[in-house]
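If you read the sequences in order, they're chains R and P. Residue numbering for the first sequence follows my numbering, starting at 1 and increasing by one per position. Residue numbering for the second sequence follows my numbering, starting at 1001 and increasing by one per position.
Keep in mind the hints are simulated off the structure, nothing from the lab. All C-beta atoms, glycine included, are put in the ideal place defined by N, C-alpha and C. There's no promise every hint is true.
[Unchecked claim] Examples of chain P residues toward chain R, derived with CB under 7 Å:
#  : residue
1  : Glu1081
2  : Val1087
3  : Trp1091
4  : Pro1240
5  : Ala1244
6  : Val1248
7  : Ile1255
8  : Ala1258
9  : Pro1271
10 : Ile1275
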Amino acid sequence: MRGFRNLIGALVLGAGVALNPLAARAAGEAITLPDTRFSFEGLFGTFDRGGLQRGFQVYKEVCAACHAMRQLSYRNLLEIGLSEEQARRLAADFQVTDGPNDEGAMFERPARLSDRFRRPFANEQAARAANNGAYPPDLSVMVKARANGADYLYALLTGYQDAPAGFAMGDGMYYNAYYPGHQIAMPNVLNEDQVEFADGTKATVSQMARDVTTFMAWAAEPELEQRRQMGVRIILFLTILAGLTYAVKRKVWADVKH
Amino acid sequence: MAIGLHDSTIKNPVIRWVDQRLPVFTMMQKEYGSFPTPRNFNYFWNFGALAMVTLMIMIATGIFLAMNYTPHTAYAFDSVERIMRDVNYGWLIRYVHMNGASMFFIVIYIHIWRGLYYGSYKAPRELLWILGVTIFLLMMATAFMGYVLPWGQMSFWGATVITNLFSAFPLVGQHIVTWLWGGFSVDNPTLSRFFSLHYLMPFVIAGVVFLHVAALHITGSNNPLGIDPKGPQDTLPFHPYYTAKDSVGLVVYFIVFAFLVFFMPNYLGHPDNYIPANPLVTPAHIVPEWYFLPYYAVLRAVPDKLGGVLLMFGSIAVLFILPWLDTSPVRSMRFRPLAKWLLILWGLNFLVLMWAGGKPAEGIYVTISRIATAYYFAYFLVVLPLLGRLERPLKLPESIAMPVLRGGGPIMVGAAAKPMEKA
Chain R
1 MRGFRNLIGA
11 LVLGAGVALN
21 PLAARAAGEA
31 ITLPDTRFSF
41 EGLFGTFDRG
51 GLQRGFQVYK
61 EVCAACHAMR
71 QLSYRNLLEI
81 GLSEEQARRL
91 AADFQVTDGP
101 NDEGAMFERP
111 ARLSDRFRRP
121 FANEQAARAA
131 NNGAYPPDLS
141 VMVKARANGA
151 DYLYALLTGY
161 QDAPAGFAMG
171 DGMYYNAYYP
181 GHQIAMPNVL
191 NEDQVEFADG
201 TKATVSQMAR
211 DVTTFMAWAA
221 EPELEQRRQM
231 GVRIILFLTI
241 LAGLTYAVKR
251 KVWADVKH
Chain P
1001 MAIGLHDSTI
1011 KNPVIRWVDQ
1021 RLPVFTMMQK
1031 EYGSFPTPRN
1041 FNYFWNFGAL
1051 AMVTLMIMIA
1061 TGIFLAMNYT
1071 PHTAYAFDSV
1081 ERIMRDVNYG
1091 WLIRYVHMNG
1101 ASMFFIVIYI
1111 HIWRGLYYGS
1121 YKAPRELLWI
1131 LGVTIFLLMM
1141 ATAFMGYVLP
1151 WGQMSFWGAT
1161 VITNLFSAFP
1171 LVGQHIVTWL
1181 WGGFSVDNPT
1191 LSRFFSLHYL
1201 MPFVIAGVVF
1211 LHVAALHITG
1221 SNNPLGIDPK
1231 GPQDTLPFHP
1241 YYTAKDSVGL
1251 VVYFIVFAFL
1261 VFFMPNYLGH
1271 PDNYIPANPL
1281 VTPAHIVPEW
1291 YFLPYYAVLR
1301 AVPDKLGGVL
1311 LMFGSIAVLF
1321 ILPWLDTSPV
1331 RSMRFRPLAK
1341 WLLILWGLNF
1351 LVLMWAGGKP
1361 AEGIYVTISR
1371 IATAYYFAYF
1381 LVVLPLLGRL
1391 ERPLKLPESI
1401 AMPVLRGGGP
1411 IMVGAAAKPM
1421 EKA
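Okay, chain P solo, but in the shape it has when bound:
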């Protein structure tokens, strides 16, 4: 690349002056303005943008909460109540943050489902997918530590159960747990380090999100047909087409979010977390937040502690190698008649795991968890590798523009050729 001022095309002289020296405006124009995007997205493609907005909401509300929160076992619970009562609109900030975690996971689960259904993890988007799974893992760690901060009963006992998982590892297990706790039980050192890390992690997530988006802008987006755009007739400039479409999704998303925050803010939480933490009283049923229930079910499906822990971590780890497990070259499930139904079954199976994870680990619930866990893994480790060879996919359309222009209409290139006309 040549050294010297960037050859900016921006007309405004001030912005042009900046852009010549630091071409962020050119970059924004290239990546979010004229960025060629497949023309056939459905509303599932909103969820990446929704996740990005939710991350920003969580960071913004979290910063204001941290101004008023006290990470000490003696004050944490009361400082949260003070936020709810005495901080101006503190209840709003906290309920947005608290329900924002749930909304974030709803959005991410749908986003992941979109990737699974339309084969967005396949070549050339393997690294993009891996970065996404990394974000998901970081989110889980962040959410877990955030749930500990109000220092209610479920905070304390959830922290105890989850950190104790590491004690299952032979030889080093107990040392890892002591190291995580910063002592010999979940106590003040645990709370203060969880607070510190809970504040740090979202910025790590933001960094990985940047890489995720950067990788996306190299390969370009997948689309519901799962075939590559073949020319300008297959794509639209991101702005205004997808900024407009994402805005629709965003406002609808905000309606759902607002309903939760304003009318049922504690619906997804557990009443026990409004009881201050007490190391001497164990709740009748220790359950994690709803978004961890599927993995909790996997953990408890195994009679052996170490086995359960390994399988639980395995249920995320398997996602990392998914691009190489699926042997079919066809991305979109629209053209995979068998895989489509087996994936839908996997999705329902995931919901069954979520339900079973919220039930006591006894009797029929354990049996159901075991069957569901078996299918969770079988889909990735048996179904996908075999189906690529056994299944006969449907005929793929020739291009993205072809199926929508069926009926002999002229090929529309106008919209793509004049990208900024409507901006």
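Bound-form chain R, shown alone:
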């Protein structure tokens, strides 16, 4: 009986949610993400090198003001097509703390290829203090840390809108169509021509969002291209081996009636 009442309850609740948009929002409705095409999708996709380098530029000039990527080192930039000299000069723009030196003091020096990406804040407390109490999360594995990560991040970055009438916004929060609950502490940071791409690509919001998402996807899975190439070879090998093994089995069993 109790089960039957649960069933009726679920149907009534479901109908209520479906018919009332405000109730849907209150119940935390499932948000459908638009499907964005990325170069690294599918079984054989690879990272678009131009996109990766533009994406890194967007990260460096926009995101890195608040978001760390502590799993990455400057040497990793060689993998997205920067020359060693370019990466070395780029790293040298950042000051990192090293030490202690012979006098026991910490000191600042320009970053080297072997250094991790410089973090914008010394610790979580400092980050929260500077960001209205919110903690900008580390982006190193963000694409793997969200369901359908690349689509989600692109949608989030392009999903800033005015809050619908009657939607109660918290203090210092921004309305985003794709953030769970729609209130996000991160402001809309991407504006038309926010960065100037060296390759002449026009820096539209969607272009920057796509490129920085590509960069984050690479940062989360730098092994992706090597993994897929190896996978193709291994599966081809195993398929041939399966055929041979089956032929051997047939031969061995040839005189057994079964």
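Chain P: place on chain R using the hints.
Leaving out everything else, chain P in the frame of chain R:
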């Protein structure tokens, strides 16, 4: 047994010298060479060998992961990322290990299903079956502790939820939980002991697997007909017949495994486990790994916490006494027209539980979980005991060789009489 050198038949003088003093070669020849095996296995009989290979893969990859992993709450997450990025082929080793756990459970579930369908748990293989269920239980403990090690959000909260189950026991519950944690919350002592035990348990499993195989080689294998071999015409030497057949299954298995590892390595995982553990933020839905979902559904089907915990443990415990619950003397479901469909329903029901375990514990999902839980137990506790008396089984074939040789062909004994001809 007489004291003195073993009477070895091996020709190579060096191997013979060793074999006379330590007859491992004779043993291998007896247990894996000429071992008489029913001639009518289907491909379901691959899965024991597949499980053995998977255990070896897990131990091998695990040893290399442990060389680079740091069991400390402050470093665990980053040490896993370092394995993924900076250790040579670390991503491959970790993805094989991570997906290997899923593959292991797929293989074991099919292996258990094989046992249920063909009645492999029945006399004289009761102890063999019990050892198998013990392995399954040890695997669950090992997998659970392994999932905690990357110290992501699901690691932390999964560990919190599962260890807290023990708090349901009256009086001693909270003390057990504190004892398991090594403190008053899931924290560094919990992580380091889980790492230690996660490294230990696979070797315990390997020990029980040895007993499982030893017991198998006393009773001999069951087979799809569920009748005992009556003579050499019913069996084939394990090598080369079943080494060849197991190899086919193994390569196909590796293709599936490789596809998962190389093309969708995170498909069976949860994105939240790539967020570092945070005791102050609870994920919206805490879900265990997919292979625990059926038991999670059983747990949540009961409105009372202690009741849920007891029923969940009961869902494994009932497997231990299964040999005595099934009262039918007929092993294979091929000859049990009613039990066959009720078992297939049980299998589908298990999948329903798995699906329901991944849904939030509310509304219709709870109702479905309850119905499915009821049938899970009813099959073992009501259907099998009664059906042995009520069901009229089909006529069993006279021997394993008879049905395959129907049509009047001469009985083939050649293959069995000259076992090593093809070796």
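| Taking each numbered hint in turn, which are not upheld by the structure, reported in ascending numerical order? | 2
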